[in-house]
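Undergrad: Protein chains in written order, with numbering that gives the first Met the number 0: chain R, 0 to 297; chain Z, 0 to 115.
No lab work stands behind these hints: they were computed from the structure. Using N, Cα and C, we set each Cβ at its ideal position, and we do this for glycine too. Don't take each hint at face value.
[Stated by the list, open to error] Pair ranges (Cβ atoms, derived):
id: 1; chain 1: R; residue 1: Glu204; chain 2: Z; residue 2: Ala6; range: 23 to 33 Å
id: 2; chain 1: R; residue 1: Gly10; chain 2: Z; residue 2: Ala90; range: 51 to 61 Å
id: 3; chain 1: Z; residue 1: Ala40; chain 2: R; residue 2: Glu98; range: 47 to 57 Å
id: 4; chain 1: Z; residue 1: Ala40; chain 2: R; residue 2: Gly10; range: 45 to 55 Å
[Said to hold, decoys possible] The following residues of chain R were derived to be distant from chain Z, with all beta-carbon distances above 10 Å:
id: 5; residue: Ser4
id: 6; residue: Val27
id: 7; residue: Asp110
id: 8; residue: Pro186
id: 9; residue: Ala192
Spelled out from the first residue to the last, the chains are:
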Amino acid sequence: MSTLSFQGASGHLYLRGDPLGVGATGQVWRAWRQDSAEPLVLKLFDPRFGTPTMRRRTAWLAAQLLDRASPVLHAPVDIVDGPIGFGHVSAFAGGVPLEAYLGTPIGDPLDHLVCAAAMAAGVAAMEQRGIAHGDLRWANFRIGKRFGVLRAGLIDFDTCVAPDLPPPPSIGQIRYAAPEIRRDPQPARLGIATDRYALAMLLRELLAGMFDRDGLGRNLQGLFRRALGAAPDARPRASEWFAALRQAAENVHQCDHCGRPFIAEASTRHCPHCVQPLSGLSIFRPPSVRKSKEQYGV
Amino acid sequence: MRRSPSANQRAYLQALAGTVAPPASPAAVWDRLRLRAQKRASWLAFLALVFLMTQLDSARATDIELAPVDDGGLPLAILGFVCAAPLPALAALLYGLRRARRPATEADTNPTLEAV
Numbered sequence: 000m001s002t003l004s005f006q007g008a009s010g011h012l013y014l015r016g017d018p019l020g021v022g023a024t025g026q027v028w029r030a031w032r033q034d035s036a037e038p039l040v041l042k043l044f045d046p047r048f049g050t051p052t053m054r055r056r057t058a059w060l061a062a063q064l065l066d067r068a069s070p071v072l073h074a075p076v077d078i079v080d081g082p083i084g085f086g087h088v089s090a091f092a093g094g095v096p097l098e099a100y101l102g103t104p105i106g107d108p109l110d111h112l113v114c115a116a117a118m119a120a121g122v123a124a125m126e127q128r129g130i131a132h133g134d135l136r137w138a139n140f141r142i143g144k145r146f147g148v149l150r151a152g153l154i155d156f157d158t159c160v161a162p163d164l165p166p167p168p169s170i171g172q173i174r175y176a177a178p179e180i181r182r183d184p185q186p187a188r189l190g191i192a193t194d195r196y197a198l199a200m201l202l203r204e205l206l207a208g209m210f211d212r213d214g215l216g217r218n219l220q221g222l223f224r225r226a227l228g229a230a231p232d233a234r235p236r237a238s239e240w241f242a243a244l245r246q247a248a249e250n251v252h253q254c255d256h257c258g259r260p261f262i263a264e265a266s267t268r269h270c271p272h273c274v275q276p277l278s279g280l281s282i283f284r285p286p287s288v289r290k291s292k293e294q295y296g297v
Numbered sequence: 000m001r002r003s004p005s006a007n008q009r010a011y012l013q014a015l016a017g018t019v020a021p022p023a024s025p026a027a028v029w030d031r032l033r034l035r036a037q038k039r040a041s042w043l044a045f046l047a048l049v050f051l052m053t054q055l056d057s058a059r060a061t062d063i064e065l066a067p068v069d070d071g072g073l074p075l076a077i078l079g080f081v082c083a084a085p086l087p088a089l090a091a092l093l094y095g096l097r098r099a100r101r102p103a104t105e106a107d108t109n110p111t112l113e114a115v
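With the rest of the complex left out, here is chain Z (with noise of 0.2 Å):
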């Protein structure tokens, strides 16, 4: 047989949460990318530029015959993926972000914490 907390036990360990930070929560972690992202913020952007150059150089000699039109430009197809290519990063990043924020939030609005 289960024995599951009472209503009261609950609340009390609920309070008691709020004062104590998880050991390792997802949170911890997002944060901890965050500010070593920020910390070699300067380093990253030239990597950033430097993949990026060599996406550009390898679709110039690779694929230009996939382009649509023939004007010797870069072809829009390359183009499309070249800039889409960081954008699950990035998403993956605001949501560290978004995740990083909410058990603050959560905490301080709490309405256990005043019945205990």
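The shape of chain R in the complex, shown without the other chains (with noise of 0.2 Å):
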């Protein structure tokens, strides 16, 4: 492995390692802080890309530190522009792209909802900035386990969307982009609401595979049908689904009749695939209740 030491405009020391991939805009590699050998990414823009108005989203996006909003985030956190040419460092994100993860998924449905979770507070971090992703695909998304938790890494900012920022070069993929973007493909036209759209799409092509529409529980549903529909005003904000997954982690059921995974809410009293009565139904009664009724032979 060659390394080769370069300078940040934050005056750090960094050490490059190997490419790890070639983008539209660049080259990735491996890096390090040669003080700390804190793993992060670099990536170097192709010379055609460095244009002023490149470099004043790039140092824009630096100055907002977005990865202390959240641990979800690897967002720009230097600056690069000298003899190796002009890019940005960020913090390193383990684990695989969601296509491939979800290629061969290790984790299970609880497993998937909290990373679902992660998911959405990254962009609700975001969200609460004004800022939006611009790119949210799974190729964006990095998931890996660690310490027996399924995680999330929102990487690729450059088509970030700001209203201190000039509009990104391009649109992103059009898998994932909302309607409105569909029928008018103009960066201009990217924002907080397309994001939201995009993340619906990511949440569903994460949970499907585990649940079923059943399963997924009527609060869920109501957020997917609200999040796909054409009403960008309508679609749910991060938050909101960051909220009703949390819930829902706390509310997973494996049936003990099928064996297949379901949401309960409140009012759930039989598993919704094979109508079997769910065991354990008092779990949604608080402690404090159960005792004074068990006290008094109710």
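Join these two chains into a complex; the hints should help.
TA: Listed below in structure tokens is the structure:
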């Protein structure tokens, strides 16, 4: 492995390692901080993308410190502009792309709900700052299991959208484009509403392999209906997704009879698949109430 | 059979929750109410004054016979009622202010944040 030392705009020294891949706008390399050996990713833009607009966008993005806003966001932390080229340095995201993960999933339904909640939390942290990722797709979510938890990491913020920024150079992948983008594919139309649509598409892909429609419960079904509809204003915020998925993770059941997973709600009395009665119906009753009823022989 | 999240999964979700503002929490509602009240404080003070004046007038006109003393002044019971009337609203406002501050304090002192 050949290493090359370079300096960021912040003054930190880094080491460049092996190339990781080539994207549409440049090449990505493994990198480390020279003093702490913290694993990083270096992206060097193709020279034709080193425009003043792109430099302004990259500098603005690095100044937002999005990596501190959420553990899910692996956004640029430093800018590189020197003999090795123009680009940025981001925190390294372990795991594999969501696409590759779904090919051979290693998690169970509960893992997937926690991971889905993490994806929503990352987008919510950006939403709160008025920033849209602009290119939410399964290649940009890295999934990996660490300490027994399936975690998500969001990468590639080069097409981010914010009110203070000029529009990004491209619109991202059309597969996750909202209906209004498909009708009129212009980067200027990207925004938080189109991010919400793409997030719902990704969550559906992650959860569809584990839960069918009935197993998701009415709350999540309702969110999906709103999110994948044509009305941009009706799409649920990422924080709504996070709240719903976090609650769902606390109420995952696996039917004792058919073995299929489902999310139980307060009104759930039967397995939605085989209609067998649930065992342990009392889980939704607060312990204090249950105890007092037992005391009084109810 | 219920599947409960493991301790690590709970810690991860808890750490993420610290980065996401709840969609419509009571704290946010109270924050909005407090901001609106601050914005219209002068109007609210004027309306409160008018309300108190109307109470005083009606008390003088109708309840003078309830007075324990006959000195022609405002009866003590009516005065007490008028003074106590805004207390429930004030208590609700104070409760809301305390509640609005609580989540931020809890998130700052959450020990699981460092573990993830």
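Undergrad: Taking each numbered hint in turn, which are not upheld by the structure, reported in ascending numerical order?
TA: 7
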